[in-house]
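Q: Here are the chains, one letter per residue:
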Amino acid sequence: MSLKDIKKEFPIFSNKIQNNDLVYLDSANSSQKPQVVVDRIYDFYTKEFSNVGRSIHYLAVAATNLYENTRTLVQKYINAKDKNEIVFTKGATEAINLVANTFGQKYLKEGDEVLLTELEHHSNYVPWHYLRKSNGVKIKFAEMDENGDVTLETIEKNITDKTKIIAITHLSNVTGAILPVKEITKLAHSKNIPVLIDGCQGAPHLKLDMQDLDCDFYAISCHKMYGPTGLGILYAKKKWLEELPPYQGGGGMIREVKKEGITFGELPNKYEAGTMATAQVIAFGESIKFINKIGIENIEKHERELTVYGEEVLRKNNSVKLIGNPKDKGSVLSFTLDGVHPHDIATILDEDGVAIRAGHHCCQILHEKLGLSATARASLGVYNTKEDLDQLNESLNKCKKIFS
Amino acid sequence: MDLKELYQEIILDHGKNPRNLGKFENFNKDAEGYNPLCGDKVHVYLKLNEDKEIEDISFEGHGCAISMASASIMTELMKDKKNPEVKEILNDFLDMIKQSPELKSQLIKEDEKTKLMSLSGVKRYPMRVKCATIAWHALASAMNYKKDENNSEKFI
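Those sequence lines, one after another, are chains A and B.
Mapping of the first sequence onto this note's numbering: position 300 corresponds to residue 300, and the numbering continues sequentially without gaps.
For this note's numbering, count along the second sequence from 1 and bump the result up by 1000.
Honestly, the hints are just simulated from the structure, not real lab data.
Beta carbons: idealized from backbone N, C-alpha and C, even for Gly.
Some clues are possibly wrong.
[To be verified] So the derived list for chain B, only partly shown, Cβ under 7 Å to chain A, looks like this:
{"id": "1", "residue": "Leu1003"}
{"id": "2", "residue": "Cys1038"}
{"id": "3", "residue": "Asp1040"}
{"id": "4", "residue": "His1062"}
{"id": "5", "residue": "Cys1064"}
{"id": "6", "residue": "Ala1065"}
[As the list claims (entries may be wrong)] Cross-link-like lysine-lysine pairs, in silico, DSBU-like; alpha carbons within 35 Å at most:
{"id": "7", "chain 1": "B", "residue 1": "Lys1004", "chain 2": "A", "residue 2": "Lys8"}
{"id": "8", "chain 1": "A", "residue 1": "Lys138", "chain 2": "A", "residue 2": "Lys207"}
{"id": "9", "chain 1": "B", "residue 1": "Lys1029", "chain 2": "A", "residue 2": "Lys133"}
{"id": "10", "chain 1": "A", "residue 1": "Lys301", "chain 2": "A", "residue 2": "Lys237"}
{"id": "11", "chain 1": "A", "residue 1": "Lys398", "chain 2": "B", "residue 2": "Lys1113"}
[Unchecked claim] Pair by pair, the computed Cβ-Cβ distance ranges are:
{"id": "12", "chain 1": "B", "residue 1": "Lys1147", "chain 2": "A", "residue 2": "Lys16", "range": "36 to 44 Å"}
{"id": "13", "chain 1": "A", "residue 1": "Asn393", "chain 2": "B", "residue 2": "Lys1016", "range": "20 to 28 Å"}
{"id": "14", "chain 1": "B", "residue 1": "Lys1098", "chain 2": "A", "residue 2": "Phe13", "range": "53 to 61 Å"}
{"id": "15", "chain 1": "A", "residue 1": "Phe13", "chain 2": "B", "residue 2": "Ser1152", "range": "35 to 43 Å"}
{"id": "16", "chain 1": "B", "residue 1": "Lys1029", "chain 2": "A", "residue 2": "Phe13", "range": "35 to 43 Å"}
{"id": "17", "chain 1": "B", "residue 1": "Lys1098", "chain 2": "A", "residue 2": "Ile12", "range": "26 to 34 Å"}
Given the sequences, and given the hints that come with them, work out the whole structure.
A: Okay, structure coming up:
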């Protein structure tokens, strides 16, 4: 599939949004959906629907197979060793909560430290925060430097003999910093510390190889990967999924239930209690196939070129100040505009059909460090073009004019 | 056209040069309004005398043009107003910003109405209503007003 006509694969771009062509620059928040994903949801509900893993009638068996096919597709996509290392969740947030909760319950006690970074999204801080109260756990934040990076050295400096787990972002949703996650994992493992990677921004944009990366946990958000909402993935090494207690209780995750006691099911059922987001899982299989058709390497290359172009365009605009200048940068352009608050920027841009995000992007710790309450952010996806970034710049000039 | 309605001259003026900005020394009531969506904050300070009259009012904060302008216009309007009046104007403004096409209170003078109505453009932008009301909610809480149990949009 060629990148040139890729916008045509996404039905939203053939619709006018408030009489404008859509310039969608909010993919770090959520990506648009290709027709194949939308169709798959429709087809499943109209022709193939049944609950999975329970009944033995024709539709139930077929649906179960489709559901499990996605698990295999995900396994291959991230090169996990075993398909049972893939757990479906309701989102990356739930994936991280699952680890914080079960790992915390089993291994964390008073005085133990969880090491995060100042870059973290609230979803990789708040789940750990609960352990402060329940277990007396201490949370440390590895510092972000003036480029918006967190270096291996800073991580190393923050590790103590009390550090029990390191949970870090793969790619910052504000500064765009790509962390040296492989090196951090190697360092952590040399000290017997497991590593969780928040891959919300990593998985849609970077080639993943779990066996090479060697991390213990990796959280994925499917709606940021051209997939449906309500679905996330937790990759976890099998030994953890076997060792850790179940997260939620309910149907589907048990082996035997008696009045005196309960035994739990095998992997991956142990962590998939209740009826799962079946249609979303099946449709997400199409998202993976869609990405594979283009090739994640090609997507990464395209987005990196656009990021460089976007930075050039915005640097030329004297009123724009880019946030973060990391060594290795993903397709996120956060900025401020002299004399115009990010909320006002977003409203004015919206009038031209340019969709960006304004605010703290669920990263208040990071914004406090920057000394800003809010920033504006343009984030890219496979469908973006240089023209989109030119339009962004033009609309920013309109903001300046209104506020001049 | 719509943008011009939202970013009227009055708003741009008050947004850029907010009146009554900064804490003053002898305030005796204060409260903070916070918008969790964007992290914007507006802190309102009052000097309330024994008759529950606002002798002085100011605000501190950072935020968008809408929130700063709204806080600025509010502080100008509320100075020297007494308790029941403050509540009436506050409820009238909140009603207007969310739904009502006009301000109904007789306590608001025509020139003041013009200023307040300049904020009515946010009605078309539901995500921005909070920006226009953040200072007003802070004032309500500094005045110790409680929300009506039957109508959470109204202070009693």
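Q: Would you mind marking each hint as holding or not holding in the structure?
A: Hint-by-hint comparison with the structure:
1. The interface hint given for Leu1003(B) is met, as the beta carbon of that residue sits about 5 Å from the closest beta carbon of chain A, less than 7 Å.
2. Nearest Cβ of chain A to the Cβ of Cys1038(B): about 4 Å, under the 7 Å cut. The hint holds.
3. For Asp1040(B), the shortest C-beta to C-beta distance to chain A is roughly 6 Å, which falls under 7 Å, so the interface hint holds.
4. Interface restraint check: His1062(B) against chain A, minimum CB-CB distance 6 Å, threshold 7 Å, status holds.
5. With its C-beta approaching chain A no nearer than about 4 Å, Cys1064(B) sits inside the 7 Å limit, and its interface hint holds.
6. With a cut of 7 Å, the hint placing Ala1065(B) at the interface with chain A holds, because the nearest CB-to-CB distance is about 5 Å.
7. Between Lys1004(B) and Lys8(A), the direct Cα distance comes to roughly 34 Å. Compliance with the 35 Å bound is thereby established for this hinted pair.
8. Restraint check: the Cα-Cα separation between Lys138(A) and Lys207(A) comes to about 33 Å, which is no more than 35 Å; the hinted pair holds.
9. Restraint check: the Cα-Cα separation between Lys1029(B) and Lys133(A) comes to about 33 Å, which is no more than 35 Å; the hinted pair holds.
10. Distance restraint check for Lys301(A) and Lys237(A): the Cα-Cα separation of roughly 29 Å lies within the 35 Å cut-off, and the hinted pair is therefore satisfied.
11. Simply put, Lys398(A) and Lys1113(B) have alpha-carbon atoms about 29 Å apart, close enough for the 35 Å limit, and the pair holds.
12. Separation of Lys1147(B) from Lys16(A) is about 40 Å and conforms to the stated range, judged on CB atoms against 36 to 44 Å.
13. Against the hinted window of 20 to 28 Å, the Cβ-Cβ separation of Asn393(A) and Lys1016(B) comes to about 23 Å, which satisfies the hint.
14. Taking 53 to 61 Å as the suggested C-beta distance range, the pair Lys1098(B) and Phe13(A) does not conform, at roughly 34 Å.
15. Judged by the Cβ atoms, the range 35 to 43 Å given for Phe13(A) and Ser1152(B) holds: they are separated by roughly 40 Å.
16. Taken as a hint, the range 35 to 43 Å is violated for the pair Lys1029(B) and Phe13(A), whose Cβ atoms sit roughly 52 Å apart.
17. Roughly 30 Å separates the CB atoms of Lys1098(B) and Ile12(A), a value that falls within the hinted 26 to 34 Å.
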